[in-house]
Amino acid sequence: KQEVTQIPAALSVPEGENLVLNCSFTDSAIYNLQWFRQDPGKGLTSLLLIQSSQREQTSGRLNASLDKSSGRSTLYIAASQPGDSATYLCAVNSGAGSYQLTFGKGTKLSVIP
Amino acid sequence: NAGVTQTPKFQVLKTGQSMTLQCAQDMNHEYMSWYRQDPGMGLRLIHYSVGAGITDQGEVPNGYNVSRSTTEDFPLRLLSAAPSQTSVYFCASSYSSWAANQHFGDGTRLSIL
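Order-wise, the sequence lines are chains A and B.
Here the first sequence is numbered in the numbering used here, starting from 153 and rising by one per residue.
Here the second sequence is numbered in the numbering used here, starting from 2 and rising by one per residue.
Please keep in mind that the hints were generated in silico from the structure rather than gathered at the bench.
One or more hints might be untrue.
Examples of chain B residues toward chain A, derived with CB under 8 Å [as the list claims (entries may be wrong)]: (1) Gly-41; (2) Gly-43; (3) Leu-44; (4) Phe-91.
Each computed EDC-like pair below joins lysine to aspartate or glutamate, with the alpha-carbon atoms no more than 16 Å apart [unchecked claim]: (5) A:Lys-220 with A:Asp-179; (6) A:Lys-194 with B:Asp-39; (7) A:Lys-257 with A:Glu-167; (8) B:Lys-10 with B:Asp-107; (9) A:Lys-220 with A:Glu-155; (10) A:Lys-260 with A:Asp-191; (11) A:Lys-257 with B:Asp-39; (12) A:Lys-153 with B:Glu-60; (13) A:Lys-260 with A:Asp-236; (14) A:Lys-153 with A:Asp-179; (15) A:Lys-194 with B:Asp-107; (16) A:Lys-257 with A:Glu-155.
The structure presented is a predicted model; accordingly, all values stated were derived computationally and were not measured.
Just so you know, even glycine gets a beta-carbon here, dropped at the ideal spot from N, CA and C.
Generate coordinates for the entire structure from the input sequences, incorporating the hints supplied.
Here it is in structure tokens:
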């Protein structure tokens with residue numbers, strides 16, 4: 153059974169710092185990996201989707217990498233801002249025909265002005 | 002651009018009552034799903050549908066029922082509410098491919114007394 157772990161569970165950084173959020177998964181036979189952002193009391197907003205054949209995806213100040221063989225993904229946030237404060241979730245899709253996403257429990261990020 | 006719309010946003014039920022959580026999407030997505038989010042548990046898949054008339058169980062289907070009579074709508078029914086079903090429920094949809102981004106609604110916060 154696929155398991156997804158996110159470390160740390162919470163992170164607090166001063167504004168302007170670059171930071172890395174980590175995601176690991178136990179079964180490397182994934183189809184894709186998706187990073188989401190969740191604001192308090194809100195739904196999930198998709199940030200980046202990485203297919204299993206890709207190594208990284210970039211969107212603005214966000215860069216996500218994927219190392220399937222080691223079962224790891226990282227989300228890099230450059231020049232953090234208070235508006236980046238949210239919970240970040242990673243989720244993996246474990247194969248063709250499997251529509252189920254397996255989620256990690258998230259990393260709660262606080263960016264201090 | 003409505004995206005995925007969930008109603009109601011909040012609901013309080015008594016044990017044993019039944020209710021239907023509504024989910025509608027206007028993106029002509031074939032795939033729709035229901036997740037529940039509990040503290041310390043992450044999101045878990047309840048039921049999903051790969052198209053009108055086709056549904057299947059996810060990880061935690063007991064106590065829930067679904068149907069998909071149209072592409073747009075995917076209601077989730079609680080048959081006899083129990084306190085263990087107190088949770089935040091999210092509906093998601095994606096284009097007809099497991100490679101596509103998942104789009105989430107804002108959630109329904111449900112309390113069972």
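Evaluated hints:
1. Gly-41: holds, 7 Å
2. Gly-43: With a minimum Cβ separation of about 4 Å from chain A (threshold 8 Å), the hint on B:Gly-43 holds.
3. Leu-44: Where the cut-off is 8 Å and the nearest Cβ of chain A is about 4 Å from B:Leu-44, the hint holds.
4. Phe-91: holds, 6 Å
5. A:Lys-220 with A:Asp-179: Measuring from Cα to Cα gives roughly 9 Å; hence the hint holds.
6. A:Lys-194 with B:Asp-39: holds, 14 Å
7. A:Lys-257 with A:Glu-167: violated, 24 Å
8. B:Lys-10 with B:Asp-107: holds, 8 Å
9. A:Lys-220 with A:Glu-155: It holds: about 14 Å lies between the C-alpha atoms, which stays within 16 Å.
10. A:Lys-260 with A:Asp-191: Holds - the C-alpha atoms of A:Asp-191 and A:Lys-260 are around 10 Å apart, at most 16 Å.
11. A:Lys-257 with B:Asp-39: holds, 10 Å
12. A:Lys-153 with B:Glu-60: Roughly 11 Å between the alpha carbons, so the hint for A:Lys-153 and B:Glu-60 holds.
13. A:Lys-260 with A:Asp-236: holds, 10 Å
14. A:Lys-153 with A:Asp-179: holds, 8 Å
15. A:Lys-194 with B:Asp-107: Cα-Cα ~5 Å, so holds.
16. A:Lys-257 with A:Glu-155: holds, 10 Å
The structure does not agree with numbered hint 7 stated previously, though it agrees with all others.
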